[in-house]
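Chains A and B, in that order, give the protein sequences.
Oh and the first sequence: position 3 is 0 in our numbering, straight run, nothing missing.
Oh and the second sequence: position 25 is 28 in our numbering, straight run, nothing missing.
It cannot be assumed that every hint is accurate.
The calculated DSS-like cross-link candidates involving lysine-lysine, where the alpha carbons are at most 27 Å apart (straight line), are [unchecked claim]:
| # | chain 1 | residue 1 | chain 2 | residue 2 |
| --- | --- | --- | --- | --- |
| 1 | A | Lys7 | B | Lys123 |
| 2 | B | Lys248 | B | Lys233 |
| 3 | B | Lys217 | A | Lys337 |
| 4 | A | Lys335 | B | Lys123 |
Far from chain A by the CB rule (all over 12 Å, computed), these chain B residues [as the list claims (entries may be wrong)]:
| # | residue |
| --- | --- |
| 5 | Glu34 |
| 6 | Asp42 |
| 7 | Asn64 |
| 8 | Ile74 |
| 9 | Gly114 |
| 10 | Leu177 |
| 11 | Gln230 |
| 12 | Glu284 |
| 13 | Cys285 |
| 14 | Leu310 |
| 15 | Tyr361 |
| 16 | Phe373 |
To be clear about the criterion: a stretch of chain B counts as covered by chain A if any three or more of its residues have a C-beta under 8 Å from a C-beta of chain A, and this derived list gives those stretches [to be verified]:
| # | segment |
| --- | --- |
| 17 | 54 to 60 |
| 18 | 162 to 174 |
| 19 | 344 to 356 |
Think of the hints as simulated: they come from the structure by calculation, not from any bench.
It should be emphasised that the depicted structure is a prediction, and the values quoted were computed from it without experimental measurement.
Cβ coordinates follow ideal geometry from the N, Cα and C atoms, glycine included.
Listed below, chain by chain, are the residues.
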Amino acid sequence: MHSTTSKFLKQARTWINSSLFNTNRAGEYFEYLLEGVDPMWSALECKAKVVGVKQETADTKTWTLQPTDDWQGFRAGQHIHITLSINGVLSTRTFTISSSPYQWRTDGTLSITVKKVPNGKVTGWMHEHLGTNDVISISQAAGDFVLEQEMDGSVGYIAAGSGITPIMSQLRWLSANQMPVAAKLLYFANTRQDFIFGSEILALTQTNQRLSSHLIASYDDSDSQHKLPQAPICAEHIAALLESQPRNIYLCGPHPFREIAKSLLQEAGFDLCRVHEEAFGLPPLKVEAGAPVTVRFTDSATETTTDQPATLLDMAENAGLSPTAGCRMGICYTCKCKKKSGQVRNVVTGELSGNAEEDIRICISTPVSNVDIEL
Amino acid sequence: MTTATQPNVEQLRPENISFNAAQGNQRLTQEQFASLQKDFDDLRAEIVADLGQSDVDYMKNIIRVQRYLEIAGRTLIHFSFTPVPFMLGVAALSVSKIMDNMEIGHNVMHGQFDWTNDPKLHSRNFEWDTACDAGSWKRTHNYEHHTFTNIIGKDRDYGYAVLRLSDDTPWHPLRSIQMVYFAALSIFFQWGVALHELESERLRDGTFDLEEKKPYLKGLFRKGAKQIFKDYVFFPALAGPFFWKVMLGNALANLGRNLWASAIIFCGHFTEQAQAFTEEECENETKGEWYYRQLLGSSNLEGGKLLHIMSGHLSYQIEHHLFPDIPANRYEEMGPRVQAICEKYGLPYNTGPFWKQYGTVLQRVWKYSFPTKAK
């Protein structure tokens, strides 16, 4: 009874909003007015002001953000989506928080640490232009890459490159709480100079007896001529980590690195159910050569045929359309569209959809049959 | 060019009004069409490459002004007890509706701002302050009218199925009072636009039956009810005993918008020089020929910045029809370049002051009220 009433009230509110403001959310009507008065004001989303920028390594910077009061905080290891305007184009990307929840509680700020991706439109722009007093939009924190509420047994960490960021948040938080559990870190980077937070990690290790760390650089210098195709993690590293008998292992880094680490852990007899992973970006798309498929974007009267389908979002963009999209990794649902018919595969989980009409996220869907999509 | 003088009665005799094919109307050669296409494509590419923050800022500012005017207008109508503030309120609300429909809604729904990736400026999400729902508009206007511009029998905007505007449409006794239809269409323009997709003329001749129009009718009633609720129930009811005053104010504001919007839109394609085309002429047409048809079928209005904004830049109807998805605020800078391309190929660039152009529209409606001899 109660739920029927509240459902009815919700529908009534949506109807009234759409008749008075031509949008289901009244806030959209007022959004630009608020933004015009103060860029930190919004009826729709949390805003955050950049209060500090710090160069960490040659290609990595940390931005400290002061969010508005409606931001609800986070647990160490979680991520946020940030949305910024790059020459008028809104772009959303997902970054893990590198600061400790303790910092947020004391001064109301959080930090994100971002490596400049070669040719990356957003990270490149951030490194060049995002400075103090700029205002960006941020989402509430989300993600399961967090420490368990009831911690028993020690924790193992395996990080590669900028995969250190969520782990750093946890290390800082553990250290601020006098290390309630023991922790051991394996951290891989290309060269000595590429260890983000390298000196802070060493300092934390020295002050906290229950924390040990092993920083492994693959090369003496950044001579990319000698770069190996895969990260140099090996069974000895894993064996050393497992000596401390960790209850849970937190693994963060590029997709191929994580695959190697997991297979090594499995070989060493560690239960993969106790491995927490944080994915950075989409796994490489498996292109299955097969019969050509045709995707019809019904609202735009456009279609495209290929025997090497990419994600539907990429295909739409290549066909000259501009669908709204956010994180491009299946998290934010900005790109959600109605598939009218046809079968798609989720490139993250590998799951196949049915043929019926349903909402899909086009950034992580690739067609396996002819597909009609309302776009 | 003659100056805008009152036509005398003699000139108004239907046989004395002539709508010559516009000067320079010999069709171009295939090579010329290819070169024309390249010139327009190049101009388009140059502007698209330059789109950025300033275009977004422009549209956001227009939206802010529209919002402030709507809030001011409704407040004045609500609280006014003498005619002057009441009429000021009516004017402000009417202007806000005009801006919402013309400079904001029409342009955003063309996808002119889809590239910004801002859901509030995206053609898929946008809904406007008029009886016609966005989905129906995009089907009838964006698709039918912009694809088949001025092709008799295919572009249903050409005369809106109630006006006879050229010899290609056979005369019928009911056409003799088409000046009355014209006036009624102008006064109730928003409902005329909303009913456009009903295609009543095709229902009558049995092209399809009412059953097929059910989804459209559902949308029509849904949107129409919301508009009536807003202007004729909700805001009047807020005023309690002054219900009728507010209702009158809102009705006048809608009337002002209807008259203005219809006048601007009729000036776009029904002027003296604007040409109509037959289906046979347009079979298998190339992009160059499509540009040519858009160019010859449209006419511009000369005026200041205010006219351009209040007409949603449809004063640059030619530029709009050549490049419907380029942000309208760019048409002003494109105008002289389009004109130069026209000169290069000896094509007419139809333009004139508002009253003169509107005068020729009235003459055309008047002239074709009468049967004309087949040539």
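Status of the hints after comparison with the structure:
Restraint check for Lys7(A) and Lys123(B): satisfied, since their Cα atoms lie roughly 21 Å apart, inside the 27 Å limit. Taken as a hint, the Lys248(B) and Lys233(B) pair is honoured in the structure, with Cα atoms around 15 Å apart against an allowance of 27 Å. For the suggested pair Lys217(B) and Lys337(A), the alpha carbons sit about 19 Å apart, so the restraint of at most 27 Å is met. For the hint linking Lys335(A) to Lys123(B), the alpha-carbon distance of about 19 Å falls within 27 Å, and the restraint holds.
Every CB of chain A is more than 12 Å from the CB of Glu34(B) (nearest about 27 Å), matching its label as outside the interface. Interface exclusion of Asp42(B) from chain A stands, the closest Cβ pair being 20 Å apart, more than 12 Å. For Asn64(B), the requirement that its beta carbon stay farther than 12 Å from each beta carbon of chain A is not met, with the minimum near 8 Å. The beta carbon of Ile74(B) is not kept farther than 12 Å from every beta carbon of chain A, the shortest such distance being approximately 9 Å.
Not every Cβ of chain A is farther than 12 Å from the Cβ of Gly114(B); the closest lies at roughly 7 Å, contradicting the non-interface assignment. A cut-off of 12 Å between C-beta atoms confirms that Leu177(B) is not in contact with chain A; the least separation is 35 Å. Non-interface call for Gln230(B) relative to chain A: violated, since the shortest CB-CB distance, roughly 7 Å, does not exceed 12 Å. At roughly 22 Å from the closest C-beta of chain A, the C-beta of Glu284(B) stays outside 12 Å, upholding its exclusion from the interface.
Separation of Cys285(B) from chain A is adequate, the least Cβ-Cβ distance of about 17 Å exceeding the 12 Å criterion. Every C-beta of chain A lies more than 12 Å from that of Leu310(B), the closest at about 24 Å, which supports listing it as non-interface. For Tyr361(B), the shortest C-beta to C-beta distance to chain A comes to about 29 Å, beyond the 12 Å cut-off, and the non-interface label holds. For Phe373(B), the condition that its CB be more than 12 Å from all CB atoms of chain A holds, with the nearest at approximately 39 Å.
Requiring three or more residues with a Cβ within less than 8 Å of a Cβ of chain A, the coverage given for the segment 54 to 60 of chain B holds, as 7 such residues are present. For the segment 162 to 174 of chain B, the proposed coverage by chain A is not satisfied: 0 residues have a C-beta within less than 8 Å of a C-beta in that chain, short of the threshold of three. Three residues within the 8 Å Cβ limit are the bar, and the segment 344 to 356 of chain B against chain A gives 0, so the coverage statement is violated.
Of the numbered hints listed earlier, those contradicted by the structure are 7, 8, 9, 11, 18 and 19.
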